[in-house]
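Kindly generate the complete structure, drawing on both the sequences and the hints.
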Amino acid sequence: HIISVHNNAKPVLEDMTYLCISASDSSNQNLMQHFKECIRFVHECRLHGGGCLIHCLAGVSRSTTILVAYLMTVTSLGWEECLTATKAVRSYVSPNFGFQEQLQEYEMTLLKEVGIRSCLAGLGAPALALHRGFLSRG
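Using full-length UniProt numbering, the letters of the sequence shown correspond one by one to residues 1 to 138.
None of these hints come from the bench; they were simulated from the model.
Watch out, some of these pointers could steer you wrong.
Pairwise CB distance ranges, derived in the manner of DEER restraints [as the list claims (entries may be wrong)]:
no., residue 1, residue 2, range
1, V74, E101, 18 to 24 Å
2, Q33, G59, 27 to 33 Å
3, S26, K87, 17 to 23 Å
4, D15, E105, 20 to 26 Å
5, F97, L47, 32 to 38 Å
As a list, the in silico BS3-like pairs of lysine-lysine whose alpha-carbon atoms are at most 30 Å apart [stated by the list, open to error]:
no., residue 1, residue 2
6, K112, K36
7, K112, K87
8, K10, K87
9, K87, K36
10, K10, K36
Glycine residues also receive a C-beta, built at the ideal position from the N, C-alpha and C atoms.
Structure, rendered in C-alpha cells:
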C-alpha cells in the first residue's frame with residue numbers, strides 16, 4: 001500500500017494499492033480534508049498485516065503531516081509528541097507552518113472526540129466500538 005501526496009500523484013507500480021492525494025507543499029494547502037481517508041487507508045492495510053509507505057517528493061512536509069495525523073489517531077499522543085517520535089526515525093522531517101496549524105486543529109478535534117467517548121463510555125458505550133465507527137464512516 002502506498003499513499004502518494006504531491007502535485008502529480010498517480011499510481012506507478014501495477015502490483016501496489018495506491019491512495020493518491022494531489023497536494024502542494026504550501027502553507028495554504030488543506031491536507032486536513034484528506035486525514036480521514038488516509039488514516040482509513042493505513043488502518044485497513046495494517047489490519048490485514050501489511051505496511052504502508054507514505055511519500056511526497058522530499059519526505060519532509062506533506063507525508064510527515066499525514067503520518068503524524070495517523071499516529072495521533074491511533075495513540076493518545078498530541079501532534080508535537082508524534083512529530084518528535086517521527087523525527088527520532090527521520091531527523092529532517094518538518095511540516096510547513098500551515099500543516100502544523102492543521103495538525104493542531106486536528107488534535108483539538110481528537111480531544112473533543114475523546115471527551116465525548118469518555119462520557120459515552122461512562123454510560124456504557126464501548127470506546128473501541130466508537131473508534132471503529134470513526135474508521136468505518138464514509
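Now the hints, each set against the structure:
A hinted range of 18 to 24 Å holds for the C-beta pair V74 and E101, which are about 22 Å apart. Checked against the hint of 27 to 33 Å, the pair Q33 and G59 fails, with Cβ atoms roughly 21 Å apart. Taken as a hint, the range 17 to 23 Å holds for the pair S26 and K87, whose Cβ atoms sit roughly 22 Å apart. Our hint of 20 to 26 Å for D15 and E105 is violated, since their Cβ atoms are close to 37 Å apart.
Taking 32 to 38 Å as the suggested C-beta distance range, the pair F97 and L47 conforms, at roughly 34 Å. Proximity of K112 to K36 is assessed by CA-CA distance (about 16 Å); at most 30 Å being required, the pair is judged to hold. Restraint check for K112 and K87: the C-alpha separation of about 27 Å stays at or below 30 Å, so the hint holds. Proximity of K10 to K87 is assessed by CA-CA distance (about 27 Å); at most 30 Å being required, the pair is judged to hold.
As the CA atoms of K87 and K36 are separated by approximately 23 Å, the hinted pair is consistent with the 30 Å bound. A C-alpha spacing of about 19 Å is found between K10 and K36, which places the hinted pair at or below 30 Å, so the restraint holds.
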